[in-house]
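Number of protein chains: 4
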Amino acid sequence: MSHQKYRVCIDACQKCANACDHCSTACLQEDNVAMMERCIRLDIDCAALCRFAAAAMARSSEHVSDICQLCAELCEACAAECATHEHDHCVECADACRSCAQACQAMVA
Amino acid sequence: MSHQKYRVCIDACQKCANACDHCSTACLQEDNVAMMERCIRLDIDCAALCRFAAAAMARSSEHVSDICQLCAELCEACAAECATHEHDHCVECADACRSCAQACQAMVA
Amino acid sequence: MSHQKYRVCIDACQKCANACDHCSTACLQEDNVAMMERCIRLDIDCAALCRFAAAAMARSSEHVSDICQLCAELCEACAAECATHEHDHCVECADACRSCAQACQAMVA
Amino acid sequence: MSHQKYRVCIDACQKCANACDHCSTACLQEDNVAMMERCIRLDIDCAALCRFAAAAMARSSEHVSDICQLCAELCEACAAECATHEHDHCVECADACRSCAQACQAMVA
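Chains A, B, C and D, in that order, are what the protein sequence lines are. Note that the numbering used here has the first sequence beginning at 1, numbered continuously upward. Note that the numbering used here has the second sequence beginning at 110, numbered continuously upward. Note that the numbering used here has the third sequence beginning at 219, numbered continuously upward. Note that the numbering used here has the fourth sequence beginning at 328, numbered continuously upward.
I should point out that these hints are in silico values taken from the structure, not numbers from a laboratory. Be careful, since some hints might not be right.
[Unchecked claim] Derived DEER-like restraints, expressed as beta-carbon distance ranges:
id, chain 1, residue 1, chain 2, residue 2, range
1, C, Q222, A, D95, 41 to 49 Å
2, C, E310, A, E86, 35 to 43 Å
3, C, Q320, D, Q429, 30 to 38 Å
4, D, D415, B, A143, 50 to 58 Å
5, B, V200, A, E86, 46 to 54 Å
[To be verified] Below, simulated DSS-like cross-link-like pairs (lysine-lysine); rule was C-alpha separation at most 30 Å, straight line:
id, chain 1, residue 1, chain 2, residue 2
6, B, K124, B, K114
7, D, K342, C, K233
8, D, K342, D, K332
9, C, K233, C, K223
10, C, K233, D, K332
11, B, K124, A, K15
12, A, K15, B, K114
13, D, K342, C, K223
14, B, K124, A, K5
15, A, K5, A, K15
Here the structure is a predicted model, which means the values were calculated and not measured. Note that the Cβ used here is the ideal one computed from N, Cα and C, for glycine as well.
Using the sequences and the hints given, assemble the complete structure.
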């Protein structure tokens with residue numbers, strides 16, 4: 001099936017979306033929640049776009065390349081923000097975002 | 110992390126969403142596409158709801174149970190329709206939908 | 219067009235989704251953000267489900283009734299939470315959620 | 328409220344999403360459904376991205392400009408395909424896609 005060539009990137013997008021969605025909730029429960037505003041907002045954007053990108057790849061959309069390019073940008077922004085925090089969920093989210101950005105860039109290339 | 114209890118169901122939802130999204134595109138390329146109308150429409154509904162359910166679980170939403178109950182219903186309807194077709198993508202989609210319905214029902218119970 | 223019978227409910231869902239999405243961001247910028255945790259989380263759930271419901275109605279999905287029933291439940295929960303806060307965005311969001319719940323219930327009936 | 332500056336573009340995205348979602352279903356019911364494959368696939372992509380863009384604007388996302396740029400591209404592609412068909416739903420969808428592309432480009436500028 002043609003969508004199998006997207007398998008690695010779909011998995012990376014879904015792992016990243018889950019990490020971002022979890023991070024957004026966990027940030028809201030931190031003592032310093034006011035400091036987590038940008039992290040939460042980027043988490044929400046990134047999670048939604050990663051799920052859209054996974055769906056587009058599963059449908060073998062003709063726009064996969066442009067979608068993955070935007071997804072890589074949002075993942076990098078979210079990774080950079082998460083990396084400034086020491087909460088476990090932020091560290092894990094930063095890792096998932098970086099991996100997803102790389103997988104998306106490989107898809108674009 | 111609290112969202113880990115949802116791991117099996119999140120994975121089932123994502124596998125199902127990918128199978129449905131792929132099936133919708135593959136159905137559109139079949140010779141008998143007119144016969145695939147309902148399959149394609151249920152694929153689209155089911156894929157989108159499965160991705161929403163996965164996101165809700167990753168966020169540890171307080172509405173997880175109600176969402177998973179609706180997801181199980183749509184998965185069962187999509188599985189029943191896919192099972193009436195012999196295309197490989199329909200067979201695989203029916204399997205993924207049944208597995209997801211079971212995982213969602215286990216979450217509700 | 220058959221989707222025209224859904225026009226009022228689609229509009230209510232989209233207005234509610236926009237109010238919820240806006241409220242989630244505005245809550246994150248309030249001084250008492252820790253008190254807004256549940257409001258933000260319900261906003262996120264409600265916005266995403268309202269957009270899914272609008273899409274399902276625009277596609278004349280056979281599952282419109284079940285989807286609108288769940289949407290009404292989430293809207294009512296979000297309205298009840300928003301109504302406990304005095305921020306303008308919460309008051310406006312509570313109104314939009316109540317209107318959407320009514321439109322969804324009318325669709326189910 | 329800061330999201331009010333996005334009002335025109337949010338409305339255009341939502342109108343476009345509804346037109347695309349409706350067109351995808353209506354195409355599946357046409358006699359010449361095999362000829363509508365690309366139209367249906369672009370409708371699905373465009374509808375989902377327009378709803379994501381509307382949500383991002385309602386949240387005043389910092390990535391609104393990049394998201395609207397991609398949205399404009401998909402809208403233009405969908406408008407061009409729809410314009411090659413004479414079905415009422417395709418003509419209406421092409422109009423909604425063109426209007427949305429213009430609104431998104433104005434947002435980017």
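Taking the hints in turn, this is what the structure says about them:
no.	hint	verdict
1	C:Q222 - A:D95: 41 to 49 Å	holds, 48 Å
2	C:E310 - A:E86: 35 to 43 Å	holds, 36 Å
3	C:Q320 - D:Q429: 30 to 38 Å	holds, 34 Å
4	D:D415 - B:A143: 50 to 58 Å	violated, 20 Å
5	B:V200 - A:E86: 46 to 54 Å	holds, 48 Å
6	B:K124 - B:K114	holds, 17 Å
7	D:K342 - C:K233	holds, 12 Å
8	D:K342 - D:K332	holds, 17 Å
9	C:K233 - C:K223	holds, 17 Å
10	C:K233 - D:K332	holds, 16 Å
11	B:K124 - A:K15	holds, 12 Å
12	A:K15 - B:K114	holds, 16 Å
13	D:K342 - C:K223	holds, 16 Å
14	B:K124 - A:K5	holds, 16 Å
15	A:K5 - A:K15	holds, 17 Å
Hint violations for this structure: number 4 only, all remaining hints satisfied.
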